[in-house]
Amino acid sequence: MREVVVLGVGLHPFGRFPDKPKQALAREAIWTALDDAGLEFKDVECLWLGCVLNPTFTAWNLLREVGQTGIPILNVECACASSSSAFREAYWAIANGLYDVCAAVGVEKMQRGMIEIEDPNTYVGAMGINIMPGLYAMKARKHMEQFGSTPEQFAQVSVKSHRLATLNPNAQYRKECSLEEVLNSRMIADPLTLLQCSPSSDGASAVVLCAKEKAARFTGLAISVAGWACGTPRFLGTEGDDLSDEMVIRLSQQAYERAGIGPADVDVLQLHDAFTPGEVCVVEALGFCPEGEGGRFVWEGQTDLGGRIPTNTDVGLLSRGHPMGATGLAQIIEIVTQLRGRAGARQVPDAKVGMCHNVGIGGCNIHILKR
Amino acid sequence: MPESATAKRQVPIEPGLFTIPSSPDEQPGLLGTRCRRCGQRFFPRKGACLRCTSRDVEDVTLSTRGTVANFTVARMALPASVIKAPYAVAQIRLLDGADIQAVLAGCEVTEVHAGMPVAMALVKIKEDEAGNDVISFQFRPVPAPEIGG
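Residue numbers (numbering that gives the first Met the number 0), protein chains in the order written: chain A, 0 to 370; chain B, 0 to 148.
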């Protein structure tokens with residue numbers, strides 16, 4: 000397998016853009032990524048596009064905006080892990096020698112409030128079973144019962160995110176909030192309050208990947224894809240849900256092995272913090288702290304700038320917002336930005352190795368990138 | 000007019016999940032699947048075993064008793080739902096090993112705890128356009144079985 004690099008990255012800010020259709024968001028993201036790479040769209044040989052809601056025709060509509068060059072395209076849907084799945088498809092195609100230059104794009108337009116509108120004529124819909132933060136809320140409850148973590152420790156994830164937002168012009172919500180404000184915001188599902196839930200959002204993200212051996216002719220500052228892993232939760236009864244620790248442990252071990260590193264070598268991390276328990280639990284499963292100590296780890300600031308493993312330095316889903324199809328690549332983009340040394344006020348000094356964890360209903364993708 | 004034309008019926012919210020007793024000495028049942036190869040049980044019914052992938056599976060009635068494995072308390076009602084907030088939603092491990100998600104009723108949300116013994120109970124949630132009672136199920140706390148009882 001050939002070595003693959005990220006050559007260009009581009010983000011359309013996350014927020015509300017009622018007048019912009021998906022292809023308008025997506026084309027800005029990919030043009031930014033192409034400019035960053037020193038390429039034109041005509042150089043892209045294959046394109047994957049992550050989008051969850053109404054994805055039909057989205058990749059094609061984008062082509063009709065940026066260049067109808069006859070290349071193969073594909074809409075990729077893996078719920079909140081859609082665009083990291085688009086990334087891994089592009090990575091596999093180049094690594095296996097099929098193409099030299101590929102693009103992965105993510106885009107989403109969402110309405111406010113709860114994502115799912117269930118069918119009232121089903122058991123699940125009529126009984127209100129699928130509360131959006133339900134799985135995360137249950138995970139937090141169990142973590143507190145089993146390991147003694149506290150609601151304050153979960154809430155601290157949101158405090159950190161909102162503070163880091165003041166350092167990032169791309170964050171949707173850029174106002175600090177105190178621990179009290181987070182804990183006293185409206186309770187959605189015990190123990191998760193409104194400020195511990197990521198806001199829905201519009202947005203787009205794009206990455207241009209290239210075979211390393213071909214990258215020197217282009218101007219983009221290349222960052223290598225060093226490791227990867229993907230999969231779904233194994234059957235474990237109700238614990239085999241999309242937040243399964245078993246899955247994250249298994250996949251992270253595969254990714255570390257492929258990259259030839261361990262957790263101690265990672266300088267900067269992006270993990271899926273759709274809700275605050277994501278950060279507390281995933282830092283354990285990725286091996287950054289022992290099982291059960293995620294709450295204390297966060298509370299002590301170990302996932303903040305200056306801590307052991309700065310996490311979601313661009314603020315993550317909680318303050319960036321979570322346009323489902325665009326989140327996976329937004330994570331990759333922040334890691335690439337950090338490894339390139341271009342993260343400004345939120346730069347992790349001398350970051351050489353970064354890791355991305357992106358999960359949705361339907362899978363988890365882990366990527367390791369290296370300067 | 001024949002009585003059957005105007006008699007009120009009980010209809011399930013969704014077919015194929017549970018049975019409604021047709022006589023007073025019958026119990027409601029949960030409809031599930033058992034894998035003949037590895038023995039794992041599932042709710043709702045499945046065409047294959049999710050654990051070992053065998054297609055040698057059989058329809059079974061599941062235990063209607065179990066314990067709360069995990070839960071949360073929803074503070075906002077969902078648009079499609081008839082259940083008013085706050086309510087507890089639990090992941091329940093039935094006595095025969097199947098897992099099921101259900102709303103908990105019959106106690107304050109503050110009383111719900113992991114390990115709490117619970118049992119299935121039918122509940123009327125609304126009426127349909129024909130005036131039939133639409134039936135769903137919840138789980139309610141029960142005393143733990145006595146040893147030797």
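Think of the hints as simulated: they come from the structure by calculation, not from any bench.
Be careful, since some hints might not be right.
Stated by the list, open to error - Have a look at the derived ranges for each label pair, beta carbon to beta carbon:
| # | chain 1 | residue 1 | chain 2 | residue 2 | range |
| --- | --- | --- | --- | --- | --- |
| 1 | A | Leu178 | B | Ala120 | 55 to 63 Å |
| 2 | A | Ala344 | B | Arg36 | 55 to 63 Å |
| 3 | A | Pro168 | B | Glu107 | 27 to 35 Å |
| 4 | A | Gly37 | B | Ala47 | 49 to 57 Å |
| 5 | B | Lys83 | A | Gly14 | 55 to 63 Å |
| 6 | B | Leu94 | A | Glu175 | 43 to 51 Å |
If you're wondering where the values come from, they're calculated on a predicted model, not measured in any experiment.
Where is the CB? At the ideal position from N, CA and C, for every residue including glycine.
Here is how each hint holds up against the structure:
no.: 1; hint: A:Leu178 to B:Ala120: 55 to 63 Å; result: violated (41 Å)
no.: 2; hint: A:Ala344 to B:Arg36: 55 to 63 Å; result: holds (58 Å)
no.: 3; hint: A:Pro168 to B:Glu107: 27 to 35 Å; result: violated (47 Å)
no.: 4; hint: A:Gly37 to B:Ala47: 49 to 57 Å; result: holds (50 Å)
no.: 5; hint: B:Lys83 to A:Gly14: 55 to 63 Å; result: violated (34 Å)
no.: 6; hint: B:Leu94 to A:Glu175: 43 to 51 Å; result: holds (50 Å)
This entry does not satisfy hints 1, 3 and 5, going by the numbered hints stated previously.
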